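Mind assembling these two chains? They're in different frames, but the hints should get you there.
Chains as they are written, first to last, in the numbering used here: chain G, 1 to 312; chain X, 1 to 62.
Hints in this document: simulated from the structure, not taken from any laboratory. As the structure is a computational prediction, the values presented were derived from the model and not from experiment. Glycine residues also receive a C-beta, built at the ideal position from the N, C-alpha and C atoms. Be aware that one or more of the hints could be misleading.
[As the list claims (entries may be wrong)] Far from chain X by the CB rule (all over 10 Å, computed), these chain G residues: (1) 13; (2) 76; (3) 85; (4) 198; (5) 247; (6) 295; (7) 309.
[What the hints assert, rightly or not] Cβ-to-Cβ under 8 Å is the rule here; a few derived chain X residues that face chain G: (8) 4; (9) 34; (10) 35; (11) 41; (12) 45; (13) 46; (14) 53.
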Amino acid sequence: MSVGEFVLAADAFPYLALFGLVIGALGGFFGVGGGFLMVPMLNAVFGVPYNIAVGSDLGQMCGMSTAATVRHMRFGNIDFKLGALMIVGTASGVELGAQMLELLKHVGNVSLLGREIDTLSLVMSLLYSVLLVFMGQAMVRESLRTMRRAAGQVQLTAEATSSSAALRVRTLKLWPMVSLPASGIESISLWVILAVGFFTGLLSGMLGVGGGFIRMPALVYILGCPTVVAVGTDLFEIMFSSAYGVMTHAFKGNVHLPLVLALLIGTTVGAQIGASYTRKAGGPWVRFGFGCLAFVGVLMVTVKLVLKLTHG
Amino acid sequence: MDFLGWLQSLGKDASPAPGFQARPLYVLVSVALPVTVGLGMGFILRLVERILGVELGKGRAH
Numbered sequence: 001m002s003v004g005e006f007v008l009a010a011d012a013f014p015y016l017a018l019f020g021l022v023i024g025a026l027g028g029f030f031g032v033g034g035g036f037l038m039v040p041m042l043n044a045v046f047g048v049p050y051n052i053a054v055g056s057d058l059g060q061m062c063g064m065s066t067a068a069t070v071r072h073m074r075f076g077n078i079d080f081k082l083g084a085l086m087i088v089g090t091a092s093g094v095e096l097g098a099q100m101l102e103l104l105k106h107v108g109n110v111s112l113l114g115r116e117i118d119t120l121s122l123v124m125s126l127l128y129s130v131l132l133v134f135m136g137q138a139m140v141r142e143s144l145r146t147m148r149r150a151a152g153q154v155q156l157t158a159e160a161t162s163s164s165a166a167l168r169v170r171t172l173k174l175w176p177m178v179s180l181p182a183s184g185i186e187s188i189s190l191w192v193i194l195a196v197g198f199f200t201g202l203l204s205g206m207l208g209v210g211g212g213f214i215r216m217p218a219l220v221y222i223l224g225c226p227t228v229v230a231v232g233t234d235l236f237e238i239m240f241s242s243a244y245g246v247m248t249h250a251f252k253g254n255v256h257l258p259l260v261l262a263l264l265i266g267t268t269v270g271a272q273i274g275a276s277y278t279r280k281a282g283g284p285w286v287r288f289g290f291g292c293l294a295f296v297g298v299l300m301v302t303v304k305l306v307l308k309l310t311h312g
Numbered sequence: 001m002d003f004l005g006w007l008q009s010l011g012k013d014a015s016p017a018p019g020f021q022a023r024p025l026y027v028l029v030s031v032a033l034p035v036t037v038g039l040g041m042g043f044i045l046r047l048v049e050r051i052l053g054v055e056l057g058k059g060r061a062h
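Okay, chain X solo, but in the shape it has when bound (with noise of 0.2 Å):
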């Protein structure tokens, strides 16, 4: 199964009825998966930063 897939699958369970108990692998990664790809995308934007000796996204300022 591709990650798509995975990831789709572990919300299959979910359930509209009131006391739906989610699956606790479903929560964790749903935390985790953005602030994995955050914490990776802020690293790798420092990395670039320094290696090219530019500031990305400077227009923020105004």
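Just chain G, with the same shape it has in the complex (with noise of 0.2 Å):
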């Protein structure tokens, strides 16, 4: 389905904006953009098509991390030389996951268990199980691993490991190597920026998720940026990615304007609602919460699929 067929009920706009308001306070409370929630949920809960969710989420996300950079840029944590060649990487990912999922939109039907489906829902239902799995599990064990740590049960540290990978990207010499002043690395092959810009852009572009979920730890742990300047240049990174992603999925007709306010209107309030309460509670609990959080959404995104399966 695309943007002209699909027509927003005047009076669920309200009720969007307060969607956006809660996936909005959960993503600030828990740090994180909340986009791989949004696409899901919309899809769950309000039956936006997901060509749809994915377009106008890529438009919410690029209002919300614009607000972020401006203020990360009054603070100086983005590394703006790195963002720049990132981008390239990133902008050609975006543009194959949208090119893979305008090629869903077009597949039409296939038969699953005597019934028939769309291969664009079916494809993105497991695409997201899957990817919410890996968040949820990765979420939880890293909290529990922490609070384990808290009470001296493990010696070993994640940052330790983390920090020989990052020396191990380094001594990669794949010409043209670059250095990154902002970001304390004296030479770095530009190919491993471009491989991390590229896989991110590509969930962007098919998921409509911003990526900070991997790029953040890849900032820090494979480049090894401080993790000051990962997260500021992570959001300008978003900014850029995510305006290319809606201006994409504009030419294929999968924004939808209307929806696309609403949920910037929640988002960004409810960003800074959540962030706030954050310091109420304790780092590893937060992410462990974060983590259960994404199995809900598995669950959610299983029912959807099966009652599809089962009553057409």
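What follows is the structure in structure tokens.
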């Protein structure tokens, strides 16, 4: 289905803004964008087709990251050179992801368990389930490890392991090499930066997620950026990749403008509310709760898919 | 026509057929709307922080 066929009921606007506020508050509380929850929930709760949910979510993400980038610029947390280099890889990934989504949009129906189901819904539901399970288990495991470490049960720190990964990447002498003084990186292969950008861009273009949950650890643990610079540069990167993503999805008729506006109003306010409350909860517990939330998302996507297969 | 109606009407001609060509205004607004709202929100938050002397959303740090 395309934007021209999908008409949003006028009374749905406040509910969508409220939904944006809840997702924004959860994202702000857990310190992530919330994009990976937004798209499957828009589809499962409001019945927004996946291609429109992805295109419109990229629009709200663009607005959110622009607001956050303005704030981070003030603190000098952005490595503009790294961000600019990564944009090349990200834009290629976003375009490929959007083209793959477009291809799925036109494939039509497939027969599964004696029922007809559109390929786009089936593939996206499965991809989101895999993504949410991956994220959920990673966050639950990491939070439990941190809690055990705090209790003195784990000796080896994640940071120590990851720093060695960053050092190994920096020894890769694949021409051309670039230096990133703002991140304190003397020399690194351009291909590593492009690869990180491309992979997160692919996720962004196809699934409508910011990719921060992969780019952030990649910037810190693979490239070796300081965490504050990684946060600012990640937001700067999301601002451009989501702007490119929303543009390429608009060319394909996947951006629903009233939906973008409703989500944008809700998420910008919600993110501030959520972030303010994070201080009142412990870090590992916040991440544990977030991991559990991802599993709730998997459950909802799965129930929707099963209902579609059993009831048509 | 109200603003929401106008936004809805911009995407009215969007067609699911391959080879669909989006209207330039629809593409322009799709990018400009979030960027404008985001920039406005960013500067409003900075202004609020300056006036109140607080730092909003500091909880993201951990």
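Taking the hints in turn, this is what the structure says about them:
no.	hint	result
1	13	7 Å, violated
2	76	15 Å, holds
3	85	22 Å, holds
4	198	22 Å, holds
5	247	5 Å, violated
6	295	23 Å, holds
7	309	23 Å, holds
8	4	5 Å, holds
9	34	3 Å, holds
10	35	6 Å, holds
11	41	4 Å, holds
12	45	6 Å, holds
13	46	7 Å, holds
14	53	15 Å, violated
Consistency with the previously given hints fails for numbers 1, 5, 14, ordered from lowest to highest.
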